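Please dock the two separately framed chains into a single complex, following the hints provided.
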Amino acid sequence: MAIVLSASLSSCISVQEYQKIYLNDEDMILGLRRIESFEINFQTYREGALGANGGKVGGGCGCN
Amino acid sequence: MWMQLNKSAFSLAMVLASIMAMGQAAEDAKERQEQDKQWLKKTALTNVEVNILGSYYSQDGNHSAVTGGTGTEELTDITPAVIVIIPLDSTRQLTFDGGADIITSASTDNIDFNVSGDSRNDLRYHLNVTYTKRLARPRLTYSLSAGFSKEYDVFAKSIGGSLTKEPRDGNSTFTLSGQAFFDAWKLYYPVELRPPGSNDEDPQGNDNRNSYNFGLVYSQVLSKRLQVSFTADVVLQDGLLGTPFHRVFFNDGVNVDGLSTVEIMRSNKLRIVENLPRSRTRIPLGVKLNYYISDLFVFRGTYRYYSDDFDVTGHTFSVDLPVKVTPFISITPFYRYHTQTASRYFKPFGEHEINTEFFTSDYDQSAFNSSKYGLGIRYSPLYDIGIFKTPFTKKGKNKFTHLKAIELRYAYYDRSDGLNASVISFDLSFDLMTGKRR
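Protein sequence lines correspond, in order, to chains A and B. Going by our numbering, 3 is the number at position 3 of the first sequence; the sequence numbering is gapless. In short: position in the second sequence from 1, add 64, done, that's our numbering.
None of these hints come from the bench; they were simulated from the model. Predicted model only: the values in this text are computed from it and were never measured. Check before you lean on any hint, since a few could be wrong.
Some chain B residues close to chain A (C-beta under 10 angstroms, calculated; not the full set) [claimed, not checked]:
#, residue
1, Asp-165
2, Val-281
3, Ser-283
4, Asp-372
5, Phe-432
6, Phe-490
Here chain B is said to cover these stretches of chain A; the calculated rule only asks that three of the stretch's residues, wherever they fall, bring their Cβ under 8 angstroms from a Cβ of chain B [to be verified]:
#, region
7, 23-36
8, 44-50
C-beta: ideal position from N, C-alpha, C; glycine also.
Isolated chain B (complex conformation) (with noise of 0.2 angstroms):
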């Protein structure tokens, strides 16, 4: 009787456990479930908001690849961008990434013989869209991207997509991403190699390359002012690798000591266009932090490996160091290094063997190190810098833009073999709303 009872009373407390659990496991879900909701509220974009951003780069040196590792390498870069981003609704937006490149340069005049010619100019254009989607549970991001870019020997399609994962407690998250580029040549040799009887105008051939990337990211909170992300990057290459109207000239005992450039044209040393192998792999690893140091002071550190199988390895470091001036201004400092080896193909001007397969004396593949410091400069203020009526909208439709923030940015970028750039560049950023000023 005693024992009967015992085990009424035992079954009784399994039977509450089990409600009490299962009541447990609702409240968990249901909370789990409104950390979701709030996830997405946090995350989800409410305003389109534009980007305009371009910059002005020039460069110089004495080593273009167009003529053999030797003469000018002076040019010019204009490049306005626009960065448009839609919200469709609370979890799905497209993004607009579209912009120009107007470029001079003095290297790519000497393709042929006529000084200013129309080889010293070219335009490129370019634009890419970005479909994103963020699902609540179990808190992923997708985006499917798809663009193009054309300037006058290359037109240049991809596609590309991403996975991210963040888990729940938001401290880390996982991303995969892959892209695939599709460039097309129109092949345009020297004018010395193009065949017997070719029209200027015209290409002497087509070709193609492509790059397909795969990349791994994982970032990491390590404390309430510390976090971390690692990289790892895969790129294959295949196809046309080499440039068609980059020249190698040989150690054939020609003597051009002394001449210049364009004498050294017109000279019968003996030349091929560059050459290389059609296919290349290339594995960049990448580490970066980013610590807090106090309301004055942020440290961003980042390290780079990069090896590949046309020998070329290299070393990458940079620091930034944000000092906050304001909470609304924010002043950067930032230095570069970059060291690397030569790739294999790559000899300077007039010391490649003639019976060599591969061959380049583009100093870009050389072995270098290099260095780029400056300064950015960011305005963000809490209430917007300035709000006024958006453009081209119909009458009657409060529209507003609201200009968020500005950035400035200078860089000087100096080679050890000579070739030094700088690049100034500005961030606008906006947001458009509709009905009411914020």
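For reference, chain A alone in the conformation it holds in the complex (with noise of 0.2 angstroms):
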């Protein structure tokens, strides 16, 4: 993890807000997206794994 972000961070450029039109698409977004939502729930109690994509960690049973 630490060495893809000392060489991401090295080769990273500034790029400006006009410069952006690709970054800013909506299928660019990094973050969590809400229909997506739904699966990381059921993945969440149906795998030992969770956490690290943005979905909930805790809260309620989900034992079903």
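Here's what the structure looks like:
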């Protein structure tokens, strides 16, 4: 992770606001997509592994 | 004399340089202030946003934890949800996120021996309210949230907060977040494990589970087409981590081969309620990379590493490939692969030794790999899909609702232990506007 992080940061360039037409595209959003929240919820319940995906990590039973 | 003149000229030059530098600094400060104003303006929400979402989830399998790692896992879940974002002014907004789960579960039906009894159906409803405030200087966004969820055996409360820092160049963001969940459980044991004289309607006790999540997210623009984010979470849980109506059957020599699930439940094979340690630390780390390949294709890739002190280690990879059929229609095929090792407390049906301290036969905690694949489609034209008068508004008030985007998604999930699931979801995005049509 640290290697990827440092490699990424050393290679990044400064992109001006007017140059962000691609980065601002709806399909380029890095955050959680609302419609995916249902799938993240069931994966949280059906897998021992959870978190690091913007979904919830606790609260409620989820034991059905 | 010459020296004195030189000194005076030098002093004058210094004063002039200082004045010019101060002037430049003032110019720069003004420019930064203007940039900050523009940032606030750009990110400000001007209309009330409403999202109406829903999904239908259906699963089947043959390793239910309610019946000790054997028996049906058939379940359906209908999940309507509404998200409303209300701008209070140009820097503050309130988000209401509420919904329900309408669950029908064949496995929880086996808590008691009444087929299609009350335990088959469950209703869960939840609400979360988030207050968000943005500060132009030093470009901080903070949020505070509180919520609850209620189902027949658990009442959960949650609080949370986050702080996001965005440097002036707008090429990176750093978010710190924290959430706490406080679950109050009513303990309903499997019918044959309830204390004698128990009333079926009343719980056999109460317990609590607390979960605390601390997260860091760093995102960085790498080029005009490439951006990446790194996520690190720590999740601490304490209290009741087992589920009171999950049975665990022991290796006691009683042979139940060939018996049906109901016959096994009615047999004299030794069983106890699932028991797990009362604390668990989970560490998930994730990286996400989005690349705008061309005006036709976008690549989104994620990887997550997971580890916890129950010995579960997991690796998750996913790839989405949105295809822009037109500038307003995007079709996204996706694939996700997950693999994990088993919890040290997991053993299948009838394999736990009698003298074990902690035990579960919940296959969610077993070693498996899973694949999920499907397709999403989004339609979001530049000038809305449709405009209509907002319902429930007073006569004479011109309020219009703009349907901005429609999104549909189907996913199929297949787990190597035989569990499979399908989920179909939709998202309708609306803008509520006052006065005039856009």
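We went through each hint and held it up to the structure:
1. Interface hint at B/Asp-165: satisfied, since its Cβ lies 9 angstroms from the closest Cβ of chain A, which is below the 10 angstroms cut-off.
2. A hinted interface residue such as B/Val-281 counts as satisfied when its beta carbon comes closer than 10 angstroms to some beta carbon of chain A; here the least separation is about 8 angstroms, so the hint holds.
3. Given the 10 angstroms rule on beta carbons, the hint for B/Ser-283 holds: about 5 angstroms separates it from the nearest Cβ of chain A.
4. Restraint check, B/Asp-372 versus chain A: the minimum CB separation of about 8 angstroms is within 10 angstroms; hint holds.
5. Evaluation of the B/Phe-432 hint against chain A yields a held restraint, the C-beta minimum of about 8 angstroms falling below 10 angstroms.
6. Interface hint at B/Phe-490: satisfied, since its Cβ lies 7 angstroms from the closest Cβ of chain A, which is below the 10 angstroms cut-off.
7. Taking a C-beta to C-beta cut-off of 8 angstroms, the region 23-36 of chain A contributes 10 residues in contact with chain B, enough for the three needed, and the coverage statement holds.
8. With a threshold of 8 angstroms between beta carbons, the proposed coverage of the region 44-50 of chain A by chain B holds, since 6 of its residues qualify and at least three are required.
In this structure, none of the earlier numbered hints is contradicted; all agree with it.
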